[in-house]
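Asker: This is what each chain is made of:
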Amino acid sequence: MSQDVLVVAEHLQGSLNDSTFEMLGMGKSLAGQLGGSCSVVLIGGDDAMVGQLGAADGVVRVDGEGLVDFNPESHAAALEAVVSAKSPRVVMIGYTSMGMDLASGLAVRAGMAHAASCIAVEGGERIRATSQIYGGKMNVTTDLGSGPCVVSVLAGAGPADVGRAEGTPTQENIAPPPTAGRIRFKGLVEPEAGDVDITTQEVLVAVGRGIGNKDDIEVAEELAEALGGTVAASRPLIDAGWLPKTRQVGKSGLKVTPKVYLALGISGAPEHLEGMKGASTIIAVNTDKHAPIFGVAHYGLVEDLFDVCEELTEKIEERQG
Amino acid sequence: MDDRDKTMAVRERTRDESFVESEQVILEGIDISGQWNRMYEPREITDYDLTYMDKLTDIPGAESMGWCYQCAQCIPACPVDTAGGDYGPRKIYRRLQTGTDIFQHQDMWLCTSCMNCLRVCPKEVDMIKIMPAARAVAVLEGQVPSELQEMFQSVAEYGNPMGQSARRRTRWTRGVEVDVRILPKDPAPVEVLWFVGDYYAYHGRGNDAAQAMARVFDHLGVDFGILGADERCDGDSQRLAGEPGLFEELAQHNIEQFGKYEYDKLVVSGPHAYNAVKTEYPKLNGGGEFPVEHYTQFLSQRLEALQPRLTKPFARKVTFHDPCYLGRHNGEYEAPRQLLMAVPELDLIEMFRCKQQGYCCGGGGGGMWLDGLAADHQVERLSENRVKEAVFVGAEVLAVCCPYEVSRFEDAVKSTGNDGKLEVLDIIEILDQCME
Amino acid sequence: MNIIVLMKRVPDLVEDLEVDDTGKALDSEYLKLTLNEFDDHALEEALLIKESGGGEVTVVALDDEGVDKMLFTALAKGADRALKITGAGEVDGNLQLARMFAQVIGEQPHDLILTGVQAADDRDGQLAPTVAALLEMPCVEVVNGVTPGEGRLTLHKEYAGGVLAEFEVDLPAILGIQAARQTPRYAPVSKVRQVQEATTLETVADTSGAAPSEFEVVVMTPPETGEGAQMLTGVEELLEILETKGVIG
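Protein chains in written order, with this note's numbering: chain A, 34 to 354; chain B, 16 to 451; chain C, 2 to 250.
One chain only, chain A, in its complex shape (with noise of 0.2 Å):
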């Protein structure tokens, strides 16, 4: 076993994803602590790519047909390949839909230590990982020994800039292994398009299930459009089909980043934070003045959401009329 660090990289319609990089510079400061290498493994991917990975001691390509698109089943058999012949201390995974398919799998077949929903991640004779769990309400930090180990890391977990540079890293190929062909990628499907493009708004008035029912969601309408903005919502309303998809922020939704983002009744849980973190102001009320929600907000208030709405509404409304 070696004391690298391999990253694995994600892509989806031709761009890597903003975990791939945050991962290679966390990954490289955690090579520093090993005394080792950070790798990033390519699988599927084009040339483009490998170009905007500079920051890597080296790529590791795995090619193929069944690999252009992700794939659970070829997907992680080639990520097997490559750790079989590289023989990493660490591979880093993020916390994604795809990253799900990947790490439990690897960290069973390869026998390597597991954390799951990682923040941080500290090198040493022993590793030691920081896992953001119960909804953002607790970390906690898992000895995963001095054998090798799989950290999934969740999005934001490092700064992305720190990862992006433009480079010619050394590439090398590893053939994709052959697989029982179980698992067949069908197509994409794109979201319904229509509805508002919440990516673009100045102001977004994201409600979550503190709103309590699908027909209060009309007083953050009419908050939202007093102040001219529109309604986004978190993962549970719109798996309850209270909203469409097109309004969801977060890790299976949309990344925002608007001039406002007020959140109302949303406890801020890792996965929605995820989508939101990067706006500019970020105001959060909810009842309860622990929500994970208030260490990320820049203000907060502990009210009723309704008659802050109700009150805020009115107020605008004075001030325009």
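Do not rely on the hints blindly, as some may be mistaken.
[Said to hold, decoys possible] Below, a list of computed lysine-lysine pairs in the DSSO-like style, where the Cα atoms sit at most 30 Å apart:
| hint | chain 1 | residue 1 | chain 2 | residue 2 |
| --- | --- | --- | --- | --- |
| 1 | A | Lys310 | A | Lys61 |
| 2 | B | Lys200 | C | Lys25 |
| 3 | C | Lys25 | A | Lys322 |
| 4 | B | Lys429 | B | Lys327 |
| 5 | A | Lys247 | C | Lys51 |
| 6 | B | Lys403 | B | Lys370 |
| 7 | C | Lys246 | A | Lys292 |
| 8 | A | Lys348 | B | Lys436 |
| 9 | C | Lys70 | B | Lys200 |
Please keep in mind that the hints were generated in silico from the structure rather than gathered at the bench.
The hints should help you fit chains B and C onto chain A, whose structure is shown.
Answerer: Here is chains B and C on its own, set in the frame of chain A:
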């Protein structure tokens, strides 16, 4: 017979399980069969498919729907119809007759169980029995409006409709300078076991009333304690909305809690809890009754001590909204009024639809959690209709004594454009404000 | 089609969570466990598949103090069988849990295994891919939308931004469900009680020999809120902020 007795008589008759109908009755030698107010088959002008009617009336508890003879006395009495909901027992009967499957129809869910229809029905078609029985079947069949389902889930999981932690029930006590005894921590005998209720515990405006209550009790030297995190929702609205199993679970839990302590009186904040503990809980308690009083009854019996302490004037025009479950259902119209009349300079004016004719706020029978459905089928909310009446009679303050009502009426004040014209206050808040 | 749904209970995030005296675990005094909401979605999806194409749904869970009610509720919703795994001892981590589930799955007829995409206490990975690796079965995570076929099924996997990927998967397979096609149905308390009275839960002893995670917790702490939010006292202040940001005139 005074008003209270008349109301109670109706309730008693319809509760009497031994009430038997016979096709032929000869009483003291006189054949009184086929009396004018009894018909055993619906009169049909043409042939109707009575499948849906039969499905409903076959449910134990829902038989009385079949007795309707379409006189329509209930329609002007029905608050939902008045709010443009095109509703009432006669209309439901007609729709069933003409082929509406009530189990897939909004008619199942619009009733607030206010009992105004039963009050005027010559055939005693009893929606208070029909609705919970029919709704229980609908819920078992998976036909529940989603808003209601969510509420059931919250209550089932957390013991309150807000879906909040049981531990938070005592948070309101931090905002008052009275030592509130939490019985589970301090189980010595107590004069009053005060059943606080979900809205007083978890809702901002409810907290205001709870804190007022604590101060008033303290002023009067009432020895009281609360169940704290051991309290659960009283369950009555859940029972009426179609979850008798959930009601039983909650009731059994609460009964067990009551059984742990020695107390003289069980005082409730709300009429729904009053109805539950007075009428329904004994059925699960082997007939054992509870010394339960609504807070207005408890305090009106202590007017001698209370009156002198009401020193600050409340020179406003105040109208009182009779809560259905204290008034029509349980015959108490006077206690709240006695309290209001004891307040210095308070000008008590009545609305037209008061006492037995009181107009429902829309919160009962599950209505608190069906505003979405109501919005689809009514022109306005019942609470909006009522607020307009209060303003019309010249009231500046709408006094209530049911925890559901404050938030309903405050919303309605805003939505009817009466913000600033009508203040909504729980009676206990008024008393608190007037005590030094 | 034989569908197995793996269910687990996790700390309820509605409650305030506190660290216990060891500094490594949650304080259990006020801890309330609740069904992992994604597992509820997995059950709903299983029931929908059964209702549209036939099959049998078996729910499996580890024995613990409150699990019976959860299993009776699943049966009341329409599951055909409920299996309780007993005799497991201390359980720490999804790998251990996965080993126990894998053992049981191996002994039951199974075409499709569904479970939630993730859970609030996932410290050492996700259950679905872990079980899949142990059983050498194909697995797809973050599934929303399953269409069963003959010996295979089609599904949608969610990526960020609302993009979906369509996959065809051969059975037997394991899926981590993000969202069922509709909100999980409600089981009325009367129905759950009916089921409770009429049913004895099937139990199966744990023979996996699975041990708690060897990778121990060093420390557990609430996240630093950092500077955190500047707390406001009312709507007036909020209005001022909106004004300074140029959002309102």
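Asker: Are the hints correct? Go through all of them and say.
Answerer: Now for the hints, and whether the structure bears them out:
1. A:Lys310 to A:Lys61: holds (24 Å)
2. B:Lys200 to C:Lys25: holds (29 Å)
3. C:Lys25 to A:Lys322: holds (24 Å)
4. B:Lys429 to B:Lys327: Cα-Cα ~28 Å, so holds.
5. A:Lys247 to C:Lys51: Roughly 29 Å between the alpha carbons, so the hint for A:Lys247 and C:Lys51 holds.
6. B:Lys403 to B:Lys370: Distance ~18 Å between B:Lys403 and B:Lys370 Cα, so the pair holds.
7. C:Lys246 to A:Lys292: Between C:Lys246 and A:Lys292 the Cα gap is close to 8 Å, so the pair holds against 30 Å.
8. A:Lys348 to B:Lys436: Holds, at roughly 18 Å.
9. C:Lys70 to B:Lys200: Holds: C:Lys70 and B:Lys200 sit about 29 Å apart, inside 30 Å.
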